[in-house]
Amino acid sequence: MHKEEIYTVKSPYREDMTIWGYRFGKGEPAACILGSVRGNEMQQMYICSQLVRALKELEANGCINANKRIMVIPVINGMGLNVSKRFFGVEDMDINRGFPGKVNGDTTDRIAHGIFEKIKEYTYGIQLTSFYMSGEFVPHVRMMETGYQNTSLANLFGLPYVVVRKPSPLDTKTLNYNWQNEMTAAFSVYTNKNDTIDEESARQAVAAVLRFLTRMGIIRYESHSGYISHVIMEHDLTDVHVEMGGIFKGLVKPGEDVRYGELLAEVIDPYEGFIRETITAPTDGIVFFAHTEPLVAQGDIAYRLIHRLHL
Amino acid sequence: MIEEVFSVELPVGEKLVIKKNRLTGKEPFSKRLAIVTGIHGDEFEGQYICYEVARRIMGGIEYFNGTVDLYPALNPLGLDIADRKIPKLNMDLNRMFPGKKNGTTMERVAAAIIDDISGADMCLDVHASNIFVKEIPQVRVSEEFADKLLPYAKLLNTDMVWTNASATVHESTLTHSMNMLGVPSMVVEMGVGTRIDRGYGSQVVDGIFHLMKEMGMWDGSVGEIQYPAISTDGEVEFIRSRITGVFLPTIEHNHYVTKGDKLGEIVSPLEGRILEEIIAEKSGLVFTLREYPFVREGSLLARILTGIGEE
Ligand SMILES: [Zn+2]
Chain B
1 MHKEEIYTVK SPYREDMTIW GYRFGKGEPA ACILGSVRGN EMQQMYICSQ
51 LVRALKELEA NGCINANKRI MVIPVINGMG LNVSKRFFGV EDMDINRGFP
101 GKVNGDTTDR IAHGIFEKIK EYTYGIQLTS FYMSGEFVPH VRMMETGYQN
151 TSLANLFGLP YVVVRKPSPL DTKTLNYNWQ NEMTAAFSVY TNKNDTIDEE
201 SARQAVAAVL RFLTRMGIIR YESHSGYISH VIMEHDLTDV HVEMGGIFKG
251 LVKPGEDVRY GELLAEVIDP YEGFIRETIT APTDGIVFFA HTEPLVAQGD
301 IAYRLIHRLH L
Chain W
1001 MIEEVFSVEL PVGEKLVIKK NRLTGKEPFS KRLAIVTGIH GDEFEGQYIC
1051 YEVARRIMGG IEYFNGTVDL YPALNPLGLD IADRKIPKLN MDLNRMFPGK
1101 KNGTTMERVA AAIIDDISGA DMCLDVHASN IFVKEIPQVR VSEEFADKLL
1151 PYAKLLNTDM VWTNASATVH ESTLTHSMNM LGVPSMVVEM GVGTRIDRGY
1201 GSQVVDGIFH LMKEMGMWDG SVGEIQYPAI STDGEVEFIR SRITGVFLPT
1251 IEHNHYVTKG DKLGEIVSPL EGRILEEIIA EKSGLVFTLR EYPFVREGSL
1301 LARILTGIGE E
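Listed in order, the protein sequences are those of chains B and W. Sequential numbering from 1 applies to the first sequence in the working numbering. Sequential numbering from 1001 applies to the second sequence in the working numbering.
Hint data in this document are derived by calculation from the structure and do not stem from the laboratory. Among the hints, a few may not be true.
What the hints assert, rightly or not - Cross-link-like lysine to aspartate or glutamate pairs, in silico, EDC-like; alpha carbons within 20 Å at most:
1. B/Lys253 with B/Glu200
2. B/Lys102 with W/Asp1116
3. W/Lys1088 with B/Glu91
4. W/Lys1100 with B/Glu243
5. B/Lys120 with B/Asp239
6. B/Lys10 with W/Glu1265
7. W/Lys1213 with W/Glu1027
8. W/Lys1100 with B/Asp92
9. B/Lys249 with B/Glu272
10. W/Lys1101 with B/Glu182
11. B/Lys85 with W/Asp1083
12. B/Lys118 with B/Asp92
13. B/Lys3 with B/Glu59
14. B/Lys10 with W/Glu1271
15. W/Lys1019 with W/Glu1171
16. W/Lys1015 with B/Glu243
17. W/Lys1015 with B/Asp92
18. W/Lys1015 with B/Glu277
19. W/Lys1088 with B/Glu200
20. W/Lys1262 with W/Asp1233
21. B/Lys10 with W/Glu1276
22. B/Lys166 with W/Glu1171
23. B/Lys249 with W/Glu1277
24. W/Lys1101 with B/Glu59
25. B/Lys102 with B/Glu200
26. W/Lys1100 with B/Asp236
27. W/Lys1088 with B/Glu272
28. W/Lys1100 with B/Glu234
29. B/Lys102 with W/Asp1233
30. W/Lys1101 with B/Glu200
31. B/Lys10 with W/Glu1277
32. W/Lys1100 with B/Asp239
33. B/Lys102 with W/Glu1009
34. W/Lys1015 with B/Glu293
35. W/Lys1088 with B/Glu277
36. W/Lys1015 with B/Glu234
Next comes chain B alone, as it looks inside the complex (with noise of 0.2 Å):
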């Protein structure tokens, strides 16, 4: 294991924040790994950490194969982590949406920029990341229609699901988009938490993110097959919305299968705790992402359902 600096930003009155990378291996720059790019992404870090520390016990046992590089950088947000701010800086600039980055730009595109250079030559690209909207996911990867993605290879994680997003102009700036224009072939790896730690599907991350690299000739490494993934495009998928706003108690979790009219969830009245709403399953289906604060407001998504195909 070699830790290398990555990118460094001053502050006037903090540290340094640098940004590590971990090196396994020598030779061509086979696979690159991201964490935590916002400041909340902190189930995404403690999967990076534990990738950290398993190949570099997979390295003492000289289980990565011959002229294969790999590139772990567990975190990039560090600022952002410490005082709980998913973006960077007073500007509150998303990191994830700055990429290429320009040398030029300003601090984000820098940092962006930085990173990016650093990056963009391997051949795969994995983001552990989390969505813009908050709740929990099947955990799945998630590529972007560029006309490269290949979602065969996307398979090989042993993940249940392969979501295919159609890139909207605010996508173009993210890491996922901008490794697969330099043909790095890049996937987003999404498990079911963000801001707090959950250590099963921590360990199911590790385990594809390993079964990967296993499967593409990078590291030796046993592993269990996993799931076949079913591959799904993202405007397929049927969303739920409430029609009031209140206190939201879900009552199916990511993962569960549902029937047609069965029970979703109620929306209470915050003031006089009766249900004001109860949302219902417009169709059978697999719940593949759940709201889970507690509040929402009328016309928020509530689910979105992959629609049961019956064989």
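Following the hints, position chain W with the ligand against chain B.
Quick look at chain W with the ligand alone, frame taken from chain B:
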């Protein structure tokens, strides 16, 4: 007449309501001008503009033809706490257009705004920079629509019109969406976040009545109108900090500088010394000047409009 454009129930005993004031003169259906502001909750210059336009129209209603719609607060939750973005969601409303009618709550807000403005003959989106830098009154038009918009932009009595090369993210702004829908739309930018400069405001309001006169919407008198410097990206010199510290400008905003002039210094309060002197590398008008003292590497200090004669 005060009208509700969009309303959505928040979780606890409150609705998010977007309001507009519709002012009608003779032949109300002949022409419609929409003036929107408050997309960014830390910008207040548009508050004065809305007030002053309404006041002058109502004071001279006999000179007024057509319809003016004033939208003083497109991001009411943000304005309430001077949050630039949409509070809680932490997203920039001006990166969410054209929105989605059946999307998330804020996507619906964006779609409703677009819907309401659609059909207008002209849309002005008034901004006040941000809390970091101060701007002279200027119109910003994207290169894509410059041919169509420049004749109108020149009427607005600003000091400058900046034809911006459009970055991909600009595709998600309100003005871009309106222009795509065939409503000529321009960004008017002036001042600095969280403040109102009445002089700048009155100057732009004179310009708005000048524009209305040209559109056949105003028969009353119009103040003395100046015509702006027209510039493109190639003539704008960005000056960014190379160091972290506290910026102390030594020049006034909205003044001409000559190559070699000192613009300011970056100091260390802890050490009591100057870390870097900022020197103009080109002559021109300082149209943007930093107000916010803390800077990091990459922070914008000033923008100079070059290629114009000295006073
Ligand atoms: Zn603005």
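Now for the hints, and whether the structure bears them out:
{"no.": "1", "hint": "B/Lys253 with B/Glu200", "verdict": "holds, 15 Å"}
{"no.": "2", "hint": "B/Lys102 with W/Asp1116", "verdict": "violated, 37 Å"}
{"no.": "3", "hint": "W/Lys1088 with B/Glu91", "verdict": "holds, 16 Å"}
{"no.": "4", "hint": "W/Lys1100 with B/Glu243", "verdict": "holds, 16 Å"}
{"no.": "5", "hint": "B/Lys120 with B/Asp239", "verdict": "violated, 35 Å"}
{"no.": "6", "hint": "B/Lys10 with W/Glu1265", "verdict": "holds, 18 Å"}
{"no.": "7", "hint": "W/Lys1213 with W/Glu1027", "verdict": "holds, 15 Å"}
{"no.": "8", "hint": "W/Lys1100 with B/Asp92", "verdict": "violated, 25 Å"}
{"no.": "9", "hint": "B/Lys249 with B/Glu272", "verdict": "holds, 15 Å"}
{"no.": "10", "hint": "W/Lys1101 with B/Glu182", "verdict": "violated, 34 Å"}
{"no.": "11", "hint": "B/Lys85 with W/Asp1083", "verdict": "holds, 14 Å"}
{"no.": "12", "hint": "B/Lys118 with B/Asp92", "verdict": "violated, 24 Å"}
{"no.": "13", "hint": "B/Lys3 with B/Glu59", "verdict": "holds, 14 Å"}
{"no.": "14", "hint": "B/Lys10 with W/Glu1271", "verdict": "holds, 16 Å"}
{"no.": "15", "hint": "W/Lys1019 with W/Glu1171", "verdict": "violated, 25 Å"}
{"no.": "16", "hint": "W/Lys1015 with B/Glu243", "verdict": "holds, 13 Å"}
{"no.": "17", "hint": "W/Lys1015 with B/Asp92", "verdict": "violated, 27 Å"}
{"no.": "18", "hint": "W/Lys1015 with B/Glu277", "verdict": "holds, 17 Å"}
{"no.": "19", "hint": "W/Lys1088 with B/Glu200", "verdict": "violated, 28 Å"}
{"no.": "20", "hint": "W/Lys1262 with W/Asp1233", "verdict": "violated, 23 Å"}
{"no.": "21", "hint": "B/Lys10 with W/Glu1276", "verdict": "holds, 15 Å"}
{"no.": "22", "hint": "B/Lys166 with W/Glu1171", "verdict": "holds, 16 Å"}
{"no.": "23", "hint": "B/Lys249 with W/Glu1277", "verdict": "violated, 58 Å"}
{"no.": "24", "hint": "W/Lys1101 with B/Glu59", "verdict": "violated, 52 Å"}
{"no.": "25", "hint": "B/Lys102 with B/Glu200", "verdict": "violated, 38 Å"}
{"no.": "26", "hint": "W/Lys1100 with B/Asp236", "verdict": "holds, 16 Å"}
{"no.": "27", "hint": "W/Lys1088 with B/Glu272", "verdict": "violated, 25 Å"}
{"no.": "28", "hint": "W/Lys1100 with B/Glu234", "verdict": "holds, 15 Å"}
{"no.": "29", "hint": "B/Lys102 with W/Asp1233", "verdict": "holds, 16 Å"}
{"no.": "30", "hint": "W/Lys1101 with B/Glu200", "verdict": "violated, 37 Å"}
{"no.": "31", "hint": "B/Lys10 with W/Glu1277", "verdict": "holds, 18 Å"}
{"no.": "32", "hint": "W/Lys1100 with B/Asp239", "verdict": "holds, 13 Å"}
{"no.": "33", "hint": "B/Lys102 with W/Glu1009", "verdict": "violated, 41 Å"}
{"no.": "34", "hint": "W/Lys1015 with B/Glu293", "verdict": "holds, 19 Å"}
{"no.": "35", "hint": "W/Lys1088 with B/Glu277", "verdict": "violated, 23 Å"}
{"no.": "36", "hint": "W/Lys1015 with B/Glu234", "verdict": "violated, 30 Å"}
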